Amino acid sequence: MRDAIATVSGALFGLGLLISGMTDTRRVQGWLDIFGDWDPTLAFVLGGAILPMIIAWQIAERWTAPIAGTDFPARPSQEITSDLAVGSLIFGAGWGLAGLCPGPSLASLSFGGWEGLLFLASMVAGMLLAVPAKRLRVQTQ
Amino acid sequence: MIETSYIYGLSGGLVIGIAGAAILLGNGRIMGASGILGGIVDGTAGPGRKQNLLFLLGLVLAPWIAVLVLDLSPTTQITNYPVVIIAGGLLVGLGSRIANGCTSGHGVCGISRLSFRGIAATVFYLFAGGISVLVFKHLLEVI
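Residue numbers (our numbering), protein chains in the order written: chain A, 1 to 141; chain B, 1001 to 1143.
Rather than coming from a laboratory, the hints here were simulated on the basis of the structure. All figures in this text were calculated on a predicted structure; none of them were measured in a lab. Just so you know, not all the hints are guaranteed correct.
[To be verified] Partner residues aside, some chain B positions facing chain A, computed with beta carbon under 8 angstroms:
| hint | residue |
| --- | --- |
| 1 | 1008 |
| 2 | 1012 |
| 3 | 1025 |
| 4 | 1096 |
| 5 | 1121 |
| 6 | 1137 |
Just so you know, even glycine gets a beta-carbon here, dropped at the ideal spot from N, CA and C.
Just chain A, with the same shape it has in the complex (with noise of 0.2 angstroms):
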């Protein structure tokens, strides 16, 4: 059950980001384009994914267990952390400069030529570089 749950919500969600048009770097960087020519699109995808997740984490609130699962996320400490602004500052430099982020960049895997797959290479590099990096920051801090 679990897993069929997760293979159909990866479904969902690659479907989504195709329809949505975030799988075209254009798009995204039309949004991100506030000095040049803006594109407002990215607000409706945002919104139309707020909208049943806001229902859904009032459901969470409400059930003592997952369907499938053993307990609903913890809410994470509210602490606005340098890890979470340095890191969402390096990740959104990235997102500009590729228009592309994370879960895109799967989705668009079986038609974005090689440029896809070398992003999602050196996506996955970069990934590995973050944890030498948390070690290190761990360490001066």
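Since the structure of chain A is already known, use the hints to place chain B on it.
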């Protein structure tokens, strides 16, 4: 005048939200693409590894099947400058793992939970993304 892209954006967005609701209410997991992939990449996924792999399988295969069945020809329109692609990928991978989330986890799942961390992360990456497009598109003209 409502553009067709807004309607596709809203519809696709709803499907993304339903996907997030399914894995939250079904498995008690947050639908965060960088966390799900990153956990496999650096080995921190633990017992959730199989679930993560199946999620990624669905994520890659479903759009592929849709493109084949519906005879679509989508394009990512990504730049063909390898340096830009590599730099972009490295920054996205590194940053999303340091921040512990990206557009799906902090953005979609965090904002809908009114998580202050998720909202703050979204402000930071939108700000950096806007500056990045300004610099690389309008000033340096490399994208």
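Cross-check of the supplied hints:
Evaluation of the residue 1008 of chain B hint against chain A yields a held restraint, the C-beta minimum of about 6 angstroms falling below 8 angstroms. With its C-beta approaching chain A no nearer than about 3 angstroms, residue 1012 of chain B sits inside the 8 angstroms limit, and its interface hint holds. Interface restraint check: residue 1025 of chain B against chain A, minimum CB-CB distance 6 angstroms, threshold 8 angstroms, status holds. The restraint placing residue 1096 of chain B at the interface with chain A holds, with a minimum CB-CB distance near 5 angstroms, inside the 8 angstroms limit.
The restraint placing residue 1121 of chain B at the interface with chain A holds, with a minimum CB-CB distance near 4 angstroms, inside the 8 angstroms limit. Taking 8 angstroms as the C-beta contact cut-off toward chain A, the hint placing residue 1137 of chain B at the interface holds, the least distance being around 7 angstroms.
The structure meets every hint from the earlier list without exception.
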